[in-house]
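Residue strings, one per chain:
Protein chains: 2
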Amino acid sequence: MVSLREAVMTPDLQPAFRALADPTRRDILRMLGDREMTIAEVSENFDMTRAAVKKHLVMLSDGGLINVRAEGREKLNSLNADALRPVMHWLGWFDQFWDTRLDALKNVIEQEETND
Amino acid sequence: MVSLREAVMTPDLQPAFRALADPTRRDILRMLGDREMTIAEVSENFDMTRAAVKKHLVMLSDGGLINVRAEGREKLNSLNADALRPVMHWLGWFDQFWDTRLDALKNVIEQEETND
DNA sequence: TTGACATGATACCATTTGGTATCGCATATA
DNA sequence: TATATGCGATACCAAATGGTATCATGTCAA
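If you read the protein sequences in the order shown, they are chains A and B. Using full-length UniProt numbering, you'd call the opening residue of the first sequence number 1 and step up by one each time. Using full-length UniProt numbering, you'd call the opening residue of the second sequence number 1 and step up by one each time.
These are calculated hints, taken from the structure and not from any lab test. One or more hints might be untrue.
[Stated by the list, open to error] Anything over 12 Å on all C-beta distances counts as not near chain A; from chain B, calculated:
| id | residue |
| --- | --- |
| 1 | D12 |
| 2 | Q14 |
| 3 | A19 |
| 4 | G33 |
| 5 | T38 |
| 6 | E44 |
| 7 | V58 |
| 8 | N80 |
| 9 | R85 |
| 10 | Q96 |
[What the hints assert, rightly or not] Chain A regions said to be covered by chain B (calculated; three or more residues, Cβ under 8 Å):
| id | stretch |
| --- | --- |
| 11 | 25-35 |
| 12 | 39-45 |
| 13 | 70-84 |
C-beta atoms are modelled at their ideal positions from N, C-alpha and C, and glycine is treated no differently.
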């Protein structure tokens with residue numbers, strides 16, 4: 001029996017971290033930020049076969065990072081950004097070790113971002 | 001020529017993401033949060049040979065996640081948490097997609113954490 | 001019903017990954 | 001100087017990964 005907090009914040013991180021370890025899959029995630037896409041549409045953006053893209057989508061799905069919805073003979077893949085929260089949470093533990101000398105620089109950068 | 005922001009916030013993320021993709025390496029990072037350790041010391045915490053641990057340390061070093069300092073015939077490995085910032089930054093892009101309905105739950109959890 | 005088409009499934013291949021065993025080298029220390 | 005010790009390097013192996021080609025299946029449309 002795990003606590004509510006454990007259940008929500010500490011699922012098995014391995015599938016998500018593994019899914020994020022490939023640049024193609026990270027690119028796919030950002031593409032799906034725009035809109036949900038079929039496998040064929042995703043594949044158009046890469047120089048590889050649809051079967052290869054399909055494998056990446058399976059890994060993303062295994063990590064819970066995308067949802068797949070059937071519509072007729074098409075499968076629409078959509079981003080599930082919430083699955084990135086546990087990953088962020090894990091990384092957040094390291095906040096305590098961040099070099100505070102960089103904070104000023106961080107602020108500068110974030111200021112720049114507001115001007116994008 | 002890349003901008004300051006690009007140089008600081010968008011280095012090549014691949015070595016870091018790859019380093020984070022293995023549970024042993026993630027465990028090592030948290031161990032090194034306590035104190036810097038020799039290879040032998042890190043190896044004591046795992047059921048694998050020193051050579052295997054060494055390989056993990058090399059990958060962590062490739063990702064910039066640890067620093068290695070020689071002291072006599074020993075090599076002291078220490079956490080470089082700052083290298084996780086670009087990773088956090090990349091993940092932060094997805095904040096815009098997070099389900100706001102989870103924010104209340106997140107607050108509850110963070111409240112719990114203050115009571116640890 | 002008959003194609004056309006989007007997807008799924010499988011077999012296969014090369015490379016990377018995660019591990020072991022073993023040897024050599026540099027550095028403390030008796 | 002010997003010798004023990006901490007580490008690095010290499011060769012090797014099994015399994016996972018990232019890709020291809022090919023065929024099967026379900027669904028839309030004429």
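Worksheet item: Are there three or more residues in the stretch 39-45 of chain A whose C-beta lies closer than 8 Å to some C-beta of chain B?
Response: violated (count 0)
Worksheet entry | Check on Q14(B) being off the interface with chain A, judged by Cβ distance over 12 Å | 6 Å, violated
Worksheet item: Does the no-contact call for E44(B) survive, Cβ to all of chain A over 12 Å?
Response: 22 Å, holds
Item to complete: Between the stretch 70-84 of chain A and chain B, see if three or more residues pass the 8 Å beta-carbon test, and mark the coverage as holds or violated.
Response: holds (count 4)
Worksheet entry | Non-interface claim for N80(B) versus chain A (Cβ beyond 12 Å) | Label violated. Min Cβ-Cβ 9 Å, cutoff 12 Å.
Worksheet entry | Consistency of the no-contact label for D12(B), given chain A and a CB cut of 12 Å | At roughly 9 Å from the nearest Cβ of chain A, D12(B) sits no farther out than 12 Å, so the non-interface label is violated.
Worksheet item: Would V58(B) pass as off the interface with chain A, using Cβ distances and a cut of 12 Å?
Response: Per Cβ check, V58(B) is outside 12 Å of chain A; nearest 16 Å; holds.
Worksheet item: Is T38(B) truly not at the interface, in the sense that its beta carbon sits beyond 12 Å from all beta carbons of chain A?
Response: 19 Å, holds
Worksheet entry | Verdict on Q96(B) as a residue remote from chain A, using beta-carbon distances over 12 Å | The assertion about Q96(B) is violated, with a minimum of 8 Å to chain A.
Discussion item. Quick check for students: does the CB of A19(B) sit more than 12 Å from each CB in chain A?
Written reply: 9 Å, violated
Discussion item. Is the claim that R85(B) lies outside the interface with chain A correct, judged by CB distances over 12 Å?
Written reply: 7 Å, violated
Worksheet item: Do at least three Cβ atoms from the stretch 25-35 of chain A come closer than 8 Å to Cβ atoms of chain B?
Response: holds (count 4)
The structure shown violates the earlier hints numbered 1, 2, 3, 4, 8, 9, 10 and 12.
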